[in-house]
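J.: Chain by chain, the residues:
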Amino acid sequence: MAEPVPPLHTSWLGEGAVLCQSDPAPLEPALQERFWTLAEAVRRLPFAREAVPGMNNLLVMIDPDAEGEAAVAAIRQCWATAGRRAVAGREVTIPVRYGGEGGYDLAHVAAVTGLAPAEVVRRHSAGCYVVYALGSQPGFGYLAGLDPALAVPRRDVPRVRVEGGSVVIGGAQTGVISRTSPSGWHVIGTTDLPFFDPDRDPPALLAPGDTIRFTIESLVP
Amino acid sequence: MTGQAMNGEAAIEILSPGPLASVQDLGRHGCLALGVGRSGAMDPLALTLANRLVGNEAGIAGIEFTLGAFALRFHADAVFALTGADCRATLDGLALPPLWCMTARAGQVLKGGAARGGMRSYLAVAGGFRVAPVLGSASTDLKGGFGGWEGRALRPGDRLPLRAAGRAVPHCDWGLAPESLAALCGPADAPIRVVAAAEYGLFDAAARRDLVEAEWTIQPDSNRVGYRLAGPALALTRRVELLSHGILPGTIQVPPSGQPVIQLSDANTCGGYPKIGAVIGADLWRLGQARLGSRLRFALVERAAAVAALRRQALAAEALFARLDRARRAVA
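Protein chains in written order, with UniProt numbering: chain A, 1 to 221; chain B, 1 to 332.
Bound-form chain A, shown alone (with noise of 0.2 angstroms):
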């Protein structure tokens, strides 16, 4: 038995794009399936020039002069057939150095959630992370998988300056930040993996699909 299409909510974004999401639900490795497998069917569209997945959504940019309601039916068609298919990632491990210098939140992590700093480490690490989708900075994976127990609010105020390389936890999200930016997520380790070199193919380390693990290089707690 095929399991039934989730709804398609299409909406124009300017004259070029076309953002499709579903219900509005806890993100849903399924559902996210399948807008994997929207991007990749609807990069075969003529009038597609970029699919871009986002978390349970995707951007499709289209050229502005194709006809609107037949670029959003082909969508649609794309949605209603395409079903989905898991994406055969790599599995991409991510030794970590916690706490101390690079890991300057671990403590207020540990405060926040009422665990031990090596606890917060030890759930973090023990975690499998999927990469939903690239985004916000070059090569920044949007990951799914964090333990719930680990989820702390954003900082207020985001700090102006977070190294690339540095992992972080926002919200009920975890990731590394690729590129040297301002950023409001809290800082628990750091890692050497390069995320991000353009004059790398490909560019970026991760991919929608790929499956990440942390592994502790060290711990300071």
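Each hint can be trusted.
Chain A is nowhere near these chain B residues, computed Cβ spacing over 12 angstroms in every case:
1) A153
2) A165
3) A206
4) A214
5) D325
6) A330
Selected chain A positions facing chain B (in silico; Cβ < 8 angstroms):
7) L19
8) R179
9) S181
Read the hints as simulated data drawn from the structure, not as lab findings. The beta carbon of each residue, even a glycine, is placed where N, CA and C say it ideally should be.
Fit chain B to the known structure of chain A by using the hints.
T.: Relative to the frame of chain A, chain B by itself:
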């Protein structure tokens, strides 16, 4: 990789970049799914015009200056054009009209005064600068730190090599009357046109009215990433939590403060604030020239009108460039 031009090599040398100068072309396309944004000229029409004035293809990288106040020295003969915001430029002290194409001789200094009537000026040189494309574009990704000139804003002492070095340089001294841009640019005081976006219907009636009736002031902390606007607070009928999704230059987000932010060339590729609308492609260049502290108004249009406006703009540009090409051939 490109490197600093050696002494004696055909180049222009930045003496003073002004508040912000960077190498930009028409943007980096096709990399959003990697988290890499568009970058590119904030006023793509002006950059294209500069390129066409010197006889380049439209997409060649030039230099985007912000608010004028720059100086550079030519270390070789070169044909150049300066477009966008009028900055009362001079070449060795000789005043240049706006929208002008000129031959500079080695050693001459081009200076821009304070920009008036706009925000950004564009310099193109015939043949372009020798700048290696990164991910398909020569634009500087100022946040990512790659592309353009060493992935950063230009500094005094930077020497950008010229691609056309060694070729014979014709004498040029001609340009466009500002009135000739009327069809391309449209009326300066027209509202910025906006297409409703996904959460438009979730804003209350007052917010939807204020969007198009209020005057919005561009806040001083606005930049190439986005313009922050001040005006009446735009409220939702209910709180919404959105999952991160792709956004584009032109997207008008409304954070909890109710004060809209228009994403621009250096926008992040993903966001999560409610979107009340998106500025149409044909009007993005006008934001690129809108001065900090100035006021603007919005008008809501259907997508079909946005598409038609883009087409009209493309046709007007083609007609203008065809006239330019004929004029250049006649002069030559």
